[in-house]
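*Asks:* The chain contents come next:
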Amino acid sequence: MTTKLLTALLLGTSILGSAGLAHAEDVTLNIESWRGDDLSIWKDKLIPAFEAKNPGIKVVFAPSAPTEYDAALGAKLAAGSAGDLITCRPFDKSLELFKKGNLADLSALPGMENFSPVAKSAWQTDDGKASFCVPMASVIHGFIYNKDAFDKLSIKVPTTRDEFFAALDKIKADGTYIPMAMGTKDLWEAATMGYQNIGPNYWKGEDGRAALIKGEQKLTDKDWVAPYEELAKWKPYLGDGFEAQTYPDSQNLFTLGRAAIYPAGSWEIGLFNTQAQFKMGAFPPPVEKAGDTCYISDHTDIGMGLNAASKHADAAKTFLSWVASPDFATIYANALPGFFSLNSAPVKMADPLAQEFVSWRGKCKSTIRSTYQILSRGTPNLENETWVESANVINGTDTPEAAAKKLQTGLDSWYKPAK
Amino acid sequence: MAADSRPKRPFRWHIGVFLAPAVLVYTAIMILPLAGTLQLSMFRNIEQSQVFVGLANFRTLFGDPNWSVGFWNALRNNTWFFIIHMLVQNPIGVMLAALLSSPRLRFAAFYRTAIFVPTILSFVIVGFAWKLILSPLWGVAPHLMDFVGLKSLFTPWLGKEQYALTALSLISVWQFVGIPMMLIYAALLSIPEEVIEAAECDGITGLSQFWKIKLPLILPSIGIISILTFVGNFNAFDLIYTAQGALAGPNYSTDILGTFLYRAFFGFQLQVGDPNMGAAIATMMFLIILGGVCVYLFLVQTRLRRYQF
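Chains as they are written, first to last, in my numbering: chain A, 1 to 419; chain B, 1 to 309.
Heads up, a few of these hints could be off.
[Stated by the list, open to error] Taking lysine-lysine pairs in the PhoX-like style, the calculated list, with each CA pair at most 20 Å apart, reads:
(1) Lys147(A) x Lys53(A)
(2) Lys406(A) x Lys222(A)
(3) Lys235(A) x Lys160(B)
(4) Lys233(A) x Lys160(B)
(5) Lys156(A) x Lys45(A)
No lab work stands behind these hints: they were computed from the structure.
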């Protein structure tokens with residue numbers, strides 16, 4: 001009786017054991033992400049493409065809700081149950097994870113050479129020595145316009161600031177369209193679609209941003225106040241009651257064809273393509289004189305890193321190298337028009353509006369939003385204050401100089417640039 | 001000995017047993033979190049570990065202009081929010097209750113329900129609905145005002161610094177006017193018929209009956225409502241958050257203590273949350289509310305006369 005039981009047990013373990021062996025050949029990688037919206041893209045397009053090329057590695061995309069992501073990820077990392085691959089938020093949130101030792105150093109990962117320094121800046125230590133996430137996508141700022149409206153009023157696409165304001169005047173004089181669809185109620189529209197959109201042309205992109213971080217320039221300098229002066233000039237071209245106009249209001253005003261120009265981020269492309277019944281075009285923020293170098297905000301938004309505690313680090317690195325490859329970039333950028341790959345290799349995209357946006361990378365210099373790296377770590381928070389002050393400037397509550405002074409005073413109170 | 005000869009009273013266990021559930025639940029969900037908040041406000045995160053710093057967080061809150069300006073602004077706005085409720089919500093509540101308790105009013109039950117319904121609506125619905133009503137683009141408010149020839153008086157209230165807070169206070173009044181109405185209505189119904197009849201025999205009727213007889217009798221209820229309004233207003237957060245967002249724009253003009261606490265504790269966008277400063281603000285809110293309730297209990301309520309029937 002006992003021998004029978006023993007044999008059965010032994011037999012059982014041997015079967016189970018061999019099953020375990022067979023299973024061990026397949027490595028399963030889990031991806032932590034807040035992009036639940038992208039679940040079908042990962043499941044149907046990206047993961048099959050990777051698995052076809054890399055037999056033996058299985059990938060599972062396991063997103064959590066955006067608002068819970070940071071807290072849930074922190075708890076899982078502490079408990080040691082987090083996935084192997086971690087979708088990285090830009091700047092400080094990921095930097096903190098790296099400092100705590102939760103994210104592995106990926107500076108030497110094959111494929112990292114495919115990215116420019118600006119692309120990598122969101123996931124680097126302050127000195128730029130270590131990179132810890134593979135950049136996945138960025139969003140580009142510019143202006144989307146109603147092509148039908150421009151044709152009807154025979155307006156040429158503006159390239160200089162004078163042409164831009166001449167176009168706005170013409171639309172306003174005609175009266176059919178609201179010249180520009182933007183509101184100040186939600187504050188961030190004024191800062192992100194306004195200040196950070198037109199600003200890089202004034203502060204010369206990365207040069208100005210780096211100088212601000214080093215403390216060589218101040219927000220009260222001419223180059224940093226001038227975008228506010230231009231914003232203040234936008235006021236008469238905005239719709240009636242723009243003070244209480246929310247972000248969805250602005251989107252609807254434009255897609256319903258009631259407004260001619262929309263200060264945009266490229267993430268709008270997907271939505272606008274499905275909602276707008278007219279032809280759309282896009283132009284980069286106008287420069288001062290024809291022929292000036294143009295600068296665009298090409299803001300890094302999503303990256304992917306490696307959990308330092310991962311048991312399958314090698315397989316995960318294989319996957320990350322693939323994320324850094326042009327193959328991934330092509331599938332991702334086409335599945336999500338408006339989220340552009342940061343890969344240096346050119347990516348072919350089918351969407352004409354997305355193509356227009358990404359073509360600016362060829363002729364303009366890229367930068368990221370000025371407030372995101374390092375400068376928004378203290379109290380008062382520079383990014384939040386920029387939202388409030390940008391809205392104040394457009395509403396006319398603060399002059400451009402007063403707004404810049406408030407921001408610089410707030411920044412000075414805690415930020416001491418390394419000399 | 002006399003003391004010994006007295007029969008010893010058995011220890012009354014049942015008192016403890018009956019009190020225990022309430023005491024345990026209240027301790028677990030109220031007293032412990034409160035103590036935790038007080039404790040958190042005395043610490044600070046230095047080099048990834050919590051260090052005891054005494055009252056330093058409060059010194060920062062009141063001494064550092066980066067915090068104190070925001071705090072006083074929030075307190076000022078909160079006080080205005082409360083004043084509007086006291087001046088508009090409670091008098092209207094009393095008036096509606098007086099009208100409802102009039103025996104000649106028809107459809108009283110319908111009005112009572114209709115006025116009370118907004119109270120049970122979610123803040124999210126109220127905030128969103130009023131944002132739409134007042135929207136300068138698609139709202140009904142500009143059209144309705146146009147209809148009666150008052151279009152020139154319309155401005156985007158929620159977007160203007162000088163009107164936004166008052167507008168939101170009035171929205172909150174609209175939502176909660178049902179509560180003082182119900183409480184006063186109940187108090188009015190509990191006034192015995194004999195008192196009213198005696199007043200009528202003395203020739204006191206109509207409006208003077210309300211002022212001279214009913215109002216003094218419902219004063220304790222009005223006191224309770226005032227203190228409920230006070231506590232509710234200084235804990236308010238939801239409506240501002242849903243209608244104006246966590247930055248309580250424009251230019252922090254609708255920032256109240258609740259939203260100020262939220263930004264400090266949980267952070268917002270790139271601002272990283274600071275639970276210790278957040279706890280310090282929460283402690284101040286607790287002290288403000290405690291102070292207000294004490295003033296009411298010791299100075300006001302003791303002077304209110306109660307009538308036993």
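*Asks:* Take the hints in turn and mark each one as holding or not.
*Replies:* Structure-based check of all given hints:
With a CA separation close to 43 Å, the supplied pair Lys147(A) and Lys53(A) exceeds the 20 Å bound. Restraint check for Lys406(A) and Lys222(A): satisfied, since their Cα atoms lie roughly 15 Å apart, inside the 20 Å limit. Proximity of Lys235(A) to Lys160(B) is assessed by CA-CA distance (about 14 Å); at most 20 Å being required, the pair is judged to hold. Between Lys233(A) and Lys160(B), the direct Cα distance comes to roughly 19 Å. Compliance with the 20 Å bound is thereby established for this hinted pair.
Proximity of Lys156(A) to Lys45(A) is assessed by CA-CA distance (about 40 Å); at most 20 Å being required, the pair is judged violated.
Comparing the model with each numbered hint stated earlier shows that hints 1, 5 do not hold.
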